[in-house]
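Chemist: Position chain B relative to chain A; hints supplied.
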Amino acid sequence: DQQVKQNSPSLSVQEGRISILNCDYTNSMFDYFLWYKKYPAEGPTFLISISSIKDKNEDGRFTVFLNKSAKHLSLHIVPSQPGDSAVYFCAANMGNFNKFYFGSGTKLNVKP
Amino acid sequence: NAGVTQTPKFQVLKTGQSMTLQCAQDMNHNSMYWYRQDPGMGLRLIYYSASEGTTDKGEVPNGYNVSRLNKREFSLRLESAAPSQTSVYFCASSEVASYDYTFGSGTRLTVV
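Protein chains in written order, with my numbering: chain A, 6 to 117; chain B, 153 to 264.
Derived by calculation from the structure, the hints in this document are not laboratory data. Keep in mind it's a predicted model, so treat the numbers as computed, not measured. Ideal placement from N, C-alpha and C gives every residue a C-beta, glycine not left out. Please note that a few of the clues may not be correct.
[To be verified] Pulled from the structure, derived: some chain A residues nowhere near chain B, Cβ distances all over 12 Å: (1) Gln-7; (2) Lys-10; (3) Gly-21; (4) Arg-22; (5) Met-34; (6) Asn-72; (7) Lys-73; (8) Gly-110.
[Unchecked claim] DSSO-like cross-link-like pairs, simulated, lysine-lysine; straight-line CA separation at most 30 Å: (9) A/Lys-10 - B/Lys-223; (10) A/Lys-61 - A/Lys-73; (11) A/Lys-104 - B/Lys-161.
[Claimed, not checked] Partial pick of chain A residues on the chain B-facing surface, computed with a CB cut under 7 Å: (12) Tyr-44; (13) Glu-47; (14) Ser-54.
Chain A with its partners taken away, still in its complex shape (with noise of 0.2 Å):
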């Protein structure tokens, strides 16, 4: 069963609004947090990541905002621009770097 879901497969958002991508996670022994970005026919790449000492991390126009009671994790863009249509995923680990749980990713479309 898997450790960290993202349950919205894809997301449209106009040019300019917010875009709000969404995880939850099962283990409360996760204690660190990432956001990855995911191109076509590309590699994963690091976005942004949070400690679970915090609740907030900002990054430009990137916000991750992390629920340690609920279990959830979700990823702020602001404003969106059309750039930003990629994949994204979450990952989570509980103090290995070298075992992180990802999520199933959440499409997000940026329309112009």
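Modeler: Okay, now just chain B, sitting in the frame of chain A:
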């Protein structure tokens, strides 16, 4: 360009055939990984090598073997391919204790 190179990019195998997927990185990273990506399942770790000379099982190691040939190269071998091993395979590398993985562009393998 510096990065992770995977060969081949595409491969079709018959059930029972064997093959080796090659991966090489030129960033002097210590850790290397093999993931598979399946629809609706996200990325799942097959094997990893935390450092030269060591290899460990990930989530889905059955049916695979790996070799960390040297610091640069990490190969994945399918001894007797099965249709269930049809997938996109990604190799990645990272510094020790880093969550910033550099992924290759993937190998699309079909087993018929």
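Chemist: Quick check: which numbered hints come out false for this structure?
Modeler: 1, 2, 8, 9, 12
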